[in-house]
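Peer 1: What follows is the residue order along each chain.
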Amino acid sequence: MAASAAKIVVRGLAKEFADRTTGRAVPAIGGLDLDVLAREFVCLLGPSGCGKSTLLYVLGGFVSATAGTVLIDGKPVGPPGPDRGIIFQEYALFPWLTVLDNVMYGIRGAASPAERRARAEALIAKVHLNGFEGHYPRHLSGGMKQRVAIARTLAHDPDILLADEPFGALDTQTRTLMQEELLRIWEADRKTILFVTHSVEEAVILADRVVVMTARPGRIKADIAVPLPRPRDYDALVRDPVAIELRAELWRLVKEEVVRARGAG
Amino acid sequence: MNGAEEAAGKRRAARIGGATIVIAVLALWEGVSAGGFVDEQVLPRVTVVAAAWWELLLSGELPAQVASSLGRQAAGFSIAVVVGVVLGIAMARYRAIDDFAGPLITMILPIPKAALIPLVMLWFGIGDVAKTIVVFLGTILPVVVSAYHAAGSVDQVFLWSARSMGDNEAQLLRRVVLRAALPEIMSGIRMGLIISLIVLVGAEMLAGRGGIGWLVFYTLDTGAYRVTYAAMLTIAAIGFAYDRLFLAISRRLLHWVEQE
Amino acid sequence: MSAAAARPAWRALLRLRRGYSVLLVLAAWETASRAGAVNTFLLPPASEVLVNLWNLATEGRLLFHLAESLLRVAAGLGLAVAAGIPLGLWKARSRLADAVLDPVMAFWFPVPKVGLIPLALLFFGFAHGSKIALVFADALLPLVVATYHGALHTDRRLIWSARAMGDSERRILWRVVLPAALPQIFTGLRLAVTVSLLVVFLAEMVASSSGLGHVMIYALRTLETKDVFSALVTISLIAFLADWLVIQARRRVLVWHA
Ligand SMILES: Nc1ncnc2c1ncn2[C@@H]1O[C@H](COP(=O)(O)OP(=O)(O)OP(=O)(O)O)[C@@H](O)[C@H]1O
Ligand SMILES: [Mg+2]
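Residue numbers (our numbering), protein chains in the order written: chain A, 1 to 265; chain B, 266 to 525; chain C, 526 to 783.
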């Protein structure tokens with residue numbers, strides 16, 4: 001692995017939180033190494049509480065690491081900025097703005113208002129929400145909100161996309177549609193994506209590579225390439241023997257950690 | 266759509282019910298007074314009070330006193346809202362400001378604001394400045410407290426989203442913190458509005474020289490009860506009108522909030 | 526780990542950090558007044574105010590006025606609780622009550638009741654009656670509104686299960702709806718206490734010959750500024766204590782509530 005060429009380089013990352021009641025330090029991440037190449041789609045799997053969100057927040061610049069180095073394009077990670085887009089599980093759309101204004105929020109620079117508007121409208125079309133520009137988030141379904149969130153994140157054209165279980169709250173059908181939509185968008189304009197998920201199926205459908213984390217304090221347990229051709233065909237993958245084998249393998253790895261986490265908890 | 270229609274229907278019913286009750290109360294008042302159940306000196310008839318009110322209006326006395334009251338109210342209230350919102354948000358966002366102002370506000374907060382009136386009179390006399398300060402003090406605390414609380418509990422994912430879309434601190438405050446905190450700030454402002462009228466009227470009663478509260482008390486002293494009642498009704502009407510105005514503005518500003 | 530060991534000292538420092546401004550203001554007040562930087566008539570030193578407060582308290586006069594004020598608040602507030610909670614429950618459970626009370630409350634809520642002091646004086650007299658009436662008028666609505674909202678949002682399943690167990694509607698009201706509404710009622714009570722104190726002192730200033738509000742305004746008129754400050758301190762302590770009492774009562778009554 002040529003570490004210097006990687007888009008994201010994480011070495012020996014550790015993060016401790018202070019327990020709210022006792023004040024004692026609780027390790028959330030304990031010595032994590034990870035490389036993500038440019039334009040790679042990496043899924044992050046792991047038991048609940050193993051530090052997946054925390055890792056994303058460190059990469060996003062929202063939370064600082066206790067120890068270790070995190071490099072992006074060879075430089076230490078800085079404060080939050082438009083080079084890294086983030087999609088949260090709970091959408092995080094601004095309820096006081098319409099769909100259009102939410103998407104326009106992050107578009108800035110020299111562009112005229114008309115240009116910005118045109119750009120936002122194009123993105124809204126890209127996530128199939130034409131006609132909903134004037135709606136407020138409370139009038140949208142979960143899947144629609146998440147599509148607005150994706151459009152909003154793409155609007156400032158980040159280099160890296162950090163997604164924290166973005167489809168976790170959706171029903172299975174909507175989730176499938178959203179996965180297809182995300183793949184379509186990503187295949188057209190390959191960004192570097194680090195995508196946290198709880199779902200083994202989702203990881204296999206989306207990723208170039210799946211990284212499995214250990215129970216808390218999180219480290220990398222396994223790093224498994226997904227040798228499936230793109231564009232991915234959702235229906236074919238259900239019966240694809242390679243995919244079936246992969247899912248079984250990932251499921252076994254995750255389950256070990258879930259059991260370990262329970263024993264420790 | 267259905268919910269909106271139902272709400273409109275409910276509002277219409279409330280308006281009709283309200284009108285009915287107001288008329289009933291006025292009729293009862295007239296009956297009690299005209300029937301001699303209460304001394305007509307103490308409770309003049311509605312019609313007499315209405316006539317007095319009309320006279321007061323035409324003579325220019327009532328408009329002058331109302332204008333003088335509302336001028337003080339508007340000045341003190343609007344300064345308090347601006348200062349209160351800024352201070353509350355600043356306290357919620359900056360540790361040093363919170364450490365300084367927080368304990369002081371905690372100490373002043375529970376003081377019944379009426380008790381500050383004599384102090385203000387001692388320091389600033391009984392003129393317009395003193396009354397404006399009284400209104401300011403009555404308004405600002407609920408506003409600061411609501412702004413502080415609301416700005417401190419803005420959902421972190423909103424702040425993080427805005428940051429990752431490139432907001433700097435000033436943009437974050439204006440575009441996210443203020444907007445997210447607005448619903449709670451508005452209820453603090455409503456509380457402040459109500460208290461501001463209470464302490465204004467109280468201060469005017471205590472320290473003469475004009476204003477609607479002064480008119481109420483002055484005429485009570487001179488025994489012109491008809492005018493006292495007319496002035497009291499005017500105070501009630503002002504309170505009611507202010508609240509309606511506030512609710513209309515608030516509904517506009519907060520149209521994105523799920524209304525009850 | 527080292528942070529954990531250093532904790533107690535840290536805590537103490539933290540507390541000081543939160544309180545320094547109050548100490549600073551008190552110190553500034555004291556020194557400015559003693560050094561003659563401000564007119565001691567307008568701002569007597571804090572220490573002298575405290576001494577004066579002690580003298581007033583031991584002399585007994587202050588306690589008499591304190592008792593007068595508290596009596597008025599207690600009576601008005603007690604009446605408001607006795608009327609407000611049933612009214613709120615009734616409003617939540619009956620369409621008719623809701624229809625009648627809604628417009629009345631929408632009108633009554635924003636009216637600055639102190640404006641009606643003359644009315645209270647004319648009808649309830651210059652002594653206790655007018656103050657009690659005003660406290661009642663101002664404390665009633667927060668209680669009605671809070672009870673109403675608490676009762677309205679009672680979990681339906683609780684009511685249904687009580688009904689399934691054969692409870693009468695009346696029994697349900699007192700045994701299910703009222704307890705479920707208690708957290709909200711306490712919030713309303715807290716507001717009612719705050720408003721009651723505001724109104725009673727104001728009314729005493731405007732028209733009374735007893736009570737702490739009267740003490741304060743009388744001191745102002747006779748230019749006994751130390752008494753003004755002493756009364757202010759007493760009033761603030763009362764308000765602080767009253768709020769604390771409501772919170773304690775709430776904690777006691779609502780042990781089951783988060
Ligand atoms: N602000 C915080 N303060 C204290 N502890 C925290 C904080 N944030 C996270 N933790 C703890 O750190 C650990 C990792 O949390 P994190 O949210 O990263 O887990 P996760 O892998 O995203 O879990 P999930 O799959 O449930 O989202 C957990 O044990 C959590 O309790
Ligand atoms: Mg998580």
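Simulated from the structure, these hints should not be mistaken for laboratory data.
Being a predicted model, the structure only gives us computed values, none of them experimental.
Glycine residues also receive a C-beta, built at the ideal position from the N, C-alpha and C atoms.
Fair warning: there could be bad hints in the mix.
[As the list claims (entries may be wrong)] Short derived list, chain B residues pointing at chain A, Cβ under 7 Å:
| no. | residue |
| --- | --- |
| 1 | Gly336 |
| 2 | Trp425 |
| 3 | Ser426 |
Peer 1: Compare the structure with each hint and give your call.
Peer 2: Comparing the hints with the structure gives:
A hinted interface residue such as glycine 336(B) counts as satisfied when its beta carbon comes closer than 7 Å to some beta carbon of chain A; here the least separation is about 33 Å, so the hint is violated. At a threshold of 7 Å, the smallest CB-CB gap from tryptophan 425(B) to chain A is about 5 Å, leaving the interface hint in force. With a cut of 7 Å, the hint placing serine 426(B) at the interface with chain A holds, because the nearest CB-to-CB distance is about 5 Å.
Consistency with the previously given hints fails for number 1 only.
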